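Colleague: Order-wise, the sequence lines are chains A and B. Sequential numbering of the first sequence, starting at 1, is according to my numbering. Sequential numbering of the second sequence, starting at 61, is according to my numbering.
Just so you know, these hints were derived from the structure itself, not from any lab. This structure is a prediction, so every number in the text was calculated from the model and none was measured. Glycine included, every Cβ here is placed at the ideal spot set by N, Cα and C. Each hint can be trusted.
Label pairs and their computed distance ranges (CB to CB): (1) B:Asp87 - A:Thr50: 25 to 33 Å; (2) B:Pro66 - A:Asp22: 14 to 22 Å; (3) B:Gln225 - A:Ser36: 24 to 32 Å; (4) A:Cys34 - B:Arg321: 20 to 28 Å.
Pulled from the structure, derived: some chain A residues nowhere near chain B, Cβ distances all over 10 Å: (5) Ser6; (6) Gly7; (7) Pro11; (8) Ala15; (9) Tyr18; (10) Arg35; (11) Arg44; (12) Pro45; (13) Pro46; (14) Ser49; (15) Thr50.
One letter stands for each residue in the lines below.
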Amino acid sequence: MQNVISGAECPECMAEIYVGDDALVSEIIECTDCRSDLEITSVRPPVLSTAPEVEEDWGE
Amino acid sequence: MDTSPPDLVVLASRVRYEEKRIMAALDRRGSRFTHLDSRSLSVTAATDRYAGRVVLNREVGHYRAWYAAEALEAAGARVVNTAAATHLSGDKWLTSAALLRHGLPTPRTALAMTPEAGLKALAEVGYPAVIKPLVGSWGRLVTRVTDEAMAGAVLEHVAALPSPQSHIVYVQELVPKADRDIRVAVVGGRALGATWRRGEDWRTNVARGAVSEPCHLGPELVRLAVAAAAAVGADIAGVDLIEDGDGRLTVLEVNDRVEFRGFESAHGDIDVAGAIADLLITKAEA
Numbered sequence: 001m002q003n004v005i006s007g008a009e010c011p012e013c014m015a016e017i018y019v020g021d022d023a024l025v026s027e028i029i030e031c032t033d034c035r036s037d038l039e040i041t042s043v044r045p046p047v048l049s050t051a052p053e054v055e056e057d058w059g060e
Numbered sequence: 061m062d063t064s065p066p067d068l069v070v071l072a073s074r075v076r077y078e079e080k081r082i083m084a085a086l087d088r089r090g091s092r093f094t095h096l097d098s099r100s101l102s103v104t105a106a107t108d109r110y111a112g113r114v115v116l117n118r119e120v121g122h123y124r125a126w127y128a129a130e131a132l133e134a135a136g137a138r139v140v141n142t143a144a145a146t147h148l149s150g151d152k153w154l155t156s157a158a159l160l161r162h163g164l165p166t167p168r169t170a171l172a173m174t175p176e177a178g179l180k181a182l183a184e185v186g187y188p189a190v191i192k193p194l195v196g197s198w199g200r201l202v203t204r205v206t207d208e209a210m211a212g213a214v215l216e217h218v219a220a221l222p223s224p225q226s227h228i229v230y231v232q233e234l235v236p237k238a239d240r241d242i243r244v245a246v247v248g249g250r251a252l253g254a255t256w257r258r259g260e261d262w263r264t265n266v267a268r269g270a271v272s273e274p275c276h277l278g279p280e281l282v283r284l285a286v287a288a289a290a291a292v293g294a295d296i297a298g299v300d301l302i303e304d305g306d307g308r309l310t311v312l313e314v315n316d317r318v319e320f321r322g323f324e325s326a327h328g329d330i331d332v333a334g335a336i337a338d339l340l341i342t343k344a345e346a
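Generate the whole structure from the sequences, applying the supplied hints.
Modeller: Shown next as structure tokens:
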């Protein structure tokens, strides 16, 4: 089971989000409260920013 | 202690399920690698800064992925997939042309140089048909048209789009299908497995909520998927196929930075990330 490092704040709704110890920089997670896509910009300490908007040429 | 930079690089601006799984697979194999955020990448021409490096290209944006691969190859890296493969498979017309060049079955397709010429192309392909953007994924802006009046309205919207490339119109016959297509994961010339992708939306992209279910990987599927990946020069590919009304398989597209969350979830015992990690390690050791 993954451990929680510590909480970070959702930049959209200020909810506290717990980031697991397997988190990676640039990882995309979803705010459990407002469902915004968030990007982990730092792991220790965890810092979140709003994820970039999907662009036209994104995909597989 | 080895302090030299790792030979393996994972290039990605978004670390999603797939990138995380690949990095974990490399970790499990004791392979040293760096994650390079493509948003921070710049490459100076005529240098060999990346000589000897093997770069896995997982950048989510097509143009950034393609140009990053071109620049890294110019600086000596071996990029997987190659810049040429990303260029071909990221463009629907170039993919169709490559499939046809290699004698592979693919739906009737036409390319029109203006939205006005698109109507003529649709008349030749026949209705119902699909108008697709040349570049893009996840079924975005893919439009099913059933008659000329509907096509005219869609093409008026196409004409109003700002990008000159948007005015080049790619049209394809709509292959009758139930509600599903087939995704085959190909890594290093080997088909790992197949899934049905079934959805309520007629576009059966997992990004649109389609559900993946295991599909038997028969010899014809293997042959077509491996040949389609090779046709665009992709070492790693998600090949999408469809069965027409007579049960004949036809290749729809080849995805060069394949998403495999639904695939792994459907199968449970097929480790796509592990196969990709093994391929990278083999290339780095070659």
